[in-house]
Amino acid sequence: MTDLLYWLQGPVPETEPPTAEMPPWGETKVVGKPVPRVDAYERVSGSAVYPLDFALPDMLHAAILRSPHAHARVKAIDTSAAEKMPGVRAILTAFSPGADVPWYRSRGRFYSKLFDERVRHEGDEVAAVAAETRAQAFDALKAIRVEYEEFAFVLDPRESLAPDAPLVHDGGNRYGEPARYERGDLAAGFAAADAVVEATYSTACEIHAPMEVHGSVAKWDGNRLTIWDSTQGVFVVQQMVAGALKLPLANVRVIGHYMGGGFGSKLEAGKYTVIAALLAKTTARPVKLFLTREEVFLNAGNRPANTMKVKIGAKKDGALTAIEFSSIGSGGAYPNGADTSFLATDLYTCPNVAAVDENVAINAGRARAMRAPGFPQGAWALEQAMDELALKLGMDPVALRLANVPKVSQRRGNLPYTSTGLAECLRDGAKAFGWETTRAAKKDDGPIRKGYGVAAGMWGYGGGPPARVVVKLFADGSVNVNAGAADIGTGTKTVMAQTVAEELGVPLEKIRIEHADTGTTQYSGPSGGSKTVPSDMPAARAAAVEVRTKLLAGAAEELKVPAAELKLEGADVVSTKDPAKKLAVTEVPALQRNQVIVGVGTRGPNVEGKVISMFAAHFAEVEVNVRTGEVSVTKLVAAQDSARVMNRLTFECQVQGGLVMGLGLGRTEERVLDRQTGKMVNANWHDYKIPTALDVPVAQEVLSAELVDTECNTAGAKGVGEPATIPTAAAIANAVRDAVGLRVHDSPITPPKLAALLAAAGKKG
Amino acid sequence: MADGKDDRNDLDTNGGVSRRGFLGSVVPAAVGVAVAREALSAPAAAPAVAELPAGEPAKLTLVVNGRTHKVLVEPRDTLLSVLREKLGLTGTKPGCERGECGACTVLIDGVARYSCLTLALEADGKKVTTVEGLMEGEELGPVQKAFVEEDAFQCGYCTPGQVMAAEGLLRENPEPGLDEIRHGMSGNLCRCGAYAHIFKAVDKAARFRKER
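Chains A and B supply the protein sequences, listed in that same order.
Residues in the first sequence are numbered from 1 upward in steps of one, following our numbering.
Residues in the second sequence are numbered from 1001 upward in steps of one, following our numbering.
Chain A extracted, bound-state conformation (with noise of 0.2 Å):
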């Protein structure tokens, strides 16, 4: 599903060329401006009706019994009793008609089913129940008797292969074969090097934890279903439930104007989706069902835990020699991607690389892709592996990184980027941070020690088609703009008016999207990858365009001048010849006979022969408490090369979210799993930490390097979300380092560890 949903490498699919020409921006109007959220409205006043909010006359409320055990077999189910209570209308079970659906398709094959007699992990699904009220629902549940037959069960990816592991799927805990991958040769590449550090590093599991729960509301009219959902991608909804349904796709409309986020997890369709679905065909109601907070934590995806070896070696001037990295992790029970080795065979110029990523099954819940997938679990390791060479060699950590930044993509056929802000986002973090005056004025007395990091990364897929838009321009000048994409919070709707605004110069209050619905809106990719901009918005801008073109055309047949002698200011169409020669756009008789003008935009391909990338090099500042470990993260900088900044206030706020997020995976987020029982002991909010007000920096500065790309799309824009969180923890983790000359390999650094590594090193202060 990932490489599916990010097409990191491999073709672009197919596509129309683009339906119009159109020039690289020069100075902008509306783009890039800060402007706020055109929807900004509808989130404040709480207006705005998320799929939890959704609520249909007539309609049950569903509720989802799950395994409480790690790893069992279902031997039998009674439901009588549940059946005769109040208010419950149906309940599912793995031996309901029609519920032997096949779910969890990899390789092509499907690994489990809607209610498989054989669970897997704490939380997969074993029956279901549709009632009147949520409350009844929920009460019902506690009346179905499940009789289990345990097994025993696997939880670290790194026991998982041991011959005598439990298997959670029948063949075997691999999921694939060891991916590898090499260029040069690596025993020359370290016997040439000057310097070699080697070590293991390793990053928690972290869950997405979205502040909307998952969920459907579901309701069938005849043989048509309707699907209002929170979603990153209404168009992978509606093929998953045709497909599971086997219903024609034209059959189920799939809605999801608002979601309250989702960050890799709702990039597919749930159990929950068809569950909700086959409770309301067998009840004749419509049927909401929403995960519960701990079912989120328990079986709504993760950033899978990873462990990485990692060994470097470098020339005198710092020049990289060879990489050799390793990476096991686990996509969970069911399979999902795992890799980690990208950022190591591409951030740096480096001839002689080896990397293998090992993907396996465990009895946990199944990752889904998490905010830019495997990429903050290889900074984690590969920029901490930088900094260790940077120490050895006795080089400042900035310089070390300078004097590696690629000109090609080595990964990807040494083709060129269209463009590489590596350095200027390093040059620049550095000189906003402070980087060679702060270091220089450390002090190391007290028990509180500040510490300084950098850490870098990139973000290896820029966007691409398939993407299409459709723009329409009313007789009174306003506009509506049509486009499946959803809006996961990263201000799409906004930036894909400004876009529309740039090309036809009406006002951001004349223009309303209508977005992310498969029944009445364009077919577009799911939000995810950094990729909805640099796919979607070039859509936008060629139907823009069209319009522009075609109100011309209708405008020049009026004015009897030439239409490329026209062109659109504000509200009307002038001749750049004769500004005598106007007429309102109101006025062109073509608007007024038709009442609308339509453009239909397509994304035309990418360039051929280069790799669009974005970088981003991150800074942090911390004060390490030796008596007690705990860190504080003072000050954080993010640099970014995302080319075009599309709205300078939703960048910053999105940047400033990829450090927060990235603050987590340093310092404070991991699943906890018992060994003994093989639950998840920290399913809430309570013990899951993410960051809270109090654990962000008050300083927090996003810097863009604004650099001109002409070559990744037409609206000269990489996208934003991904890079913005992949190097902060390792920032984080190499100002600990900093700080107090101890390395954390492990994430998240929590108190006791950092403590613990003090007390041994005997720097407790």
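Read the hints as simulated data drawn from the structure, not as lab findings.
No experiment lies behind these values; they were computed from the predicted model shown.
A few of these clues could be false.
[As the list claims (entries may be wrong)] Straight line, CA to CA, 25 Å or less: simulated DSS-like cross-link-like pairs of lysine-lysine:
#1 B/K1204 - A/K635
#2 A/K33 - B/K1200
#3 A/K581 - A/K550
#4 B/K1086 - A/K689
#5 A/K33 - B/K1204
#6 A/K219 - B/K1086
[Said to hold, decoys possible] Label-pair restraints from in silico Cβ distances:
#7 B/P1057 - A/R145: 24 to 34 Å
#8 A/E509 - B/G1125: 34 to 44 Å
#9 A/G434 - B/G1125: 52 to 62 Å
#10 B/R1171 - A/R593: 41 to 51 Å
#11 A/E42 - B/L1072: 26 to 36 Å
#12 B/G1066 - A/A55: 22 to 32 Å
Glycine included, C-beta positions come from ideal geometry on N, C-alpha and C.
Model the placement of chain B on the given structure of chain A, informed by the hints.
Below, chain B alone, put in the same frame as chain A:
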């Protein structure tokens, strides 16, 4: 299905959790919450509830955004569920339903409270303000306006709770310093991580309120 009688609209809770069980499950969570304001940690008015037999619908009078509502609720119903499901005020969001995230923050008698940790019956006769109640007709209130201008959100789901926490903070402390803002807002999680802009918005909201 079930027992054949039409029980669609009944409020029977046979087999459901008892009030005691419900409170028992809630209190430990409440104790652990990073409580931002003293008022939040004040013990709830539990004794009034203790008189009611579990499972019987109870009459409740709520004054929400200045309008009086008389509703029948189950003793186990939270203020959050009554606001959303009985009164249709879906601006107040559930995030965890156990007092950890603050998405459901409302004002009760002018003080910011988690509506998921407040039984509806505890709010009997009290003045409840939700995010809808900060609107001046169709116009945004000062805190909402500041959140828009500073882009103090991304997905917007926690935003009504953030806005209400800010409103509660500013009613208590009209001119908070940065540190007071950080502490005042620390009972509200934002997974999108818009905290830096939220701090700016609260600061700006304080000015907007003063200028009125």
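The hints, checked one at a time:
1. B/K1204 - A/K635: holds (22 Å)
2. A/K33 - B/K1200: Judged against 25 Å, a Cα distance of about 19 Å means the pair holds.
3. A/K581 - A/K550: holds (18 Å)
4. B/K1086 - A/K689: violated (33 Å)
5. A/K33 - B/K1204: holds (20 Å)
6. A/K219 - B/K1086: Cα-Cα ~22 Å, so holds.
7. B/P1057 - A/R145: 24 to 34 Å: 29 Å Cβ-Cβ, so the 24 to 34 Å window holds.
8. A/E509 - B/G1125: 34 to 44 Å: Given range 34 to 44 Å: holds, Cβ gap about 43 Å.
9. A/G434 - B/G1125: 52 to 62 Å: holds (57 Å)
10. B/R1171 - A/R593: 41 to 51 Å: violated (57 Å)
11. A/E42 - B/L1072: 26 to 36 Å: holds (32 Å)
12. B/G1066 - A/A55: 22 to 32 Å: Given range 22 to 32 Å: holds, Cβ gap about 24 Å.
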